[in-house]
Amino acid sequence: MDLLELSGLEVAYGTIRAVRNLSLTVGSGELVALLGPNGAGKSSTLNAIVGLAPRSAGTIRFDGVDITNKGTEAIVGMGLTLVPEGRRVFPKLSVRENLGLGGSVRLGRSNQGQAKRMEEMLSLFPILAARLHQAAGTLSGGEQQQLAVARALMSSPRLLLMDEPSLGLGPMVVDTVFEMIQELSRSGVTILLVEQNVRLALEVASRGYVLASGSLHMQGSSDDLIVSGQVEAAYLGVAEG
Amino acid sequence: MELIIQQAVNGLALGGTYALIALGLAIVFSILGFINLAHGELLTIAGYTMFLLLGTGIPFPARVLVAVLFAGIAAVLMERIGFRPFRGSAGVTLLLTSYAISTSLQVVFLNLIDPRGKSVQVPAYLNTLLNLGPVSIGLKQGLSVVASVGMLVALSLFLRKTRMGASIRAAAQDFQITRLMGIPANRVVSMVFLISGILAGIAGVLWVSQRSTVDPAMGFTPVLKGFVASIVGGLGSLPGAVVAGFLLGFIEIMVEAFLPADAQVYREGVVWFLVILALLFRPQGLLGEAKE
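Protein chains in written order, with the working numbering: chain R, 1 to 241; chain Y, 1001 to 1292.
I should point out that these hints are in silico values taken from the structure, not numbers from a laboratory.
Any given hint could turn out to be false.
Calculated cross-link-like contacts (lysine-lysine; reagent style DSSO-like; alpha-carbon spacing at most 30 Å) [what the hints assert, rightly or not]:
no.	chain 1	residue 1	chain 2	residue 2
1	R	Lys116	R	Lys92
2	R	Lys92	Y	Lys1161
3	Y	Lys1140	Y	Lys1118
4	R	Lys116	Y	Lys1161
Excised from the complex, chain R in its bound form:
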């Protein structure tokens, strides 16, 4: 069964239509890539799913429930969360506080539940255990990315949306981050991954969607997309042809 289903989604900022008539699905346990050049509407799609971008038409269903008109807090409470572009950790809060806020929604006010989940996260991301009382803004880019993911996982989400996790990171760190994404996927977390690095994204994803100028340009299994060469065409701006 599909965990996430977008049907005819439109996202518009005033007169600018960022996403046009987009339909896609993500099955439970899948890792799906959403690809496309800058300005293709990838981040707008993710933001619209979690209610942070205006949805002007279409429907978004999560686990069979229509969430199109729900607010961000309610959507996140249902078990869907986003690791935003640029990490966006709270720089002046400690690593522990960042993690605590991530878990506040689904773990409610149970301190025990929070502590247990935090232990799990710290064993999954040992570097964060060493930085627990440090301000998040003092962490390196890679460490901040790990914190952003751990913060999102604190709420034990059923679907994780990841927006450009490799952005601004060095090649070595990017490899580590993608190993982490693969590991998460293997552990059963459903992931919709937005990424500029096409090859890397299709290496970890089972299938992908390619956007160009806000519309769906093509879709298919990762192998097919790599072989077809049309992904590169979309990036070079010849998608409309």
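Following the hints, complete the assembly by docking chain Y onto the known chain R.
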């Protein structure tokens, strides 16, 4: 020396009031990105509550608590009725809304209560002098310092030690991502206005206690000073607002105490000159972060 110590206490008392006001303005600015010009009317509401409870037989400390509580509730209502419909609008829209609320409330006070000032007497024991060795300090001034410092410490503990406090600090850094954590935006904003209103309420009680009178435009001057303190401190910086508030009050009292009698007419000018000087050297404010 004794004079300096006494004036220092007076400076701290006035600075504490400015710090409370500046902090109330800064905490709202840090999350919603506008200066609430109707903050002064919250001080006035606290003052009028003190006035209206006179003669009811309610003891003075209880009157103070009720006044502070009313200012807090008024701030929450102000957000719910006046600002929430404009949530997400440009800062200047919210600024103008706050000006409209401020003016409307002043008209209400003017018509429903009195255009003239109303006397708010504080108990006589507050006017006694405490003799600390060679130095005498007014009990009222001493209590002002204790109240403002105590409130600032309590607020700091609340922001650092509680989950709601962490949510507020997070929202001040990135409101959108705080919502992404599933933390209800409305609850955080309401709590911020409640805190801002309580700070204004305490400042209002201290202001009225010092002057023993309340009038419809009472809030204007202290909020102007609090506004200046929040800018000098670094707009949106909570520690900056506190430091600059104390500094401004201290400088005002010192200038008033030590400027020659002939030059007293320039004392406000001297204070503003120092403010301009501070901003020339640190345009981002004392504890604000420089923008690229």
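Hints and how they fare:
As the CA atoms of Lys116 of chain R and Lys92 of chain R are separated by approximately 24 Å, the hinted pair is consistent with the 30 Å bound. Between Lys92 of chain R and Lys1161 of chain Y, the direct Cα distance comes to roughly 15 Å. Compliance with the 30 Å bound is thereby established for this hinted pair. The hinted pair formed by Lys1140 of chain Y and Lys1118 of chain Y meets the criterion: a straight-line CA distance of about 20 Å does not exceed 30 Å. Straight-line distance between C-alpha atoms of Lys116 of chain R and Lys1161 of chain Y comes to about 20 Å, which keeps the hinted pair within the 30 Å bound.
Of the numbered hints listed earlier, not one is contradicted by the structure.
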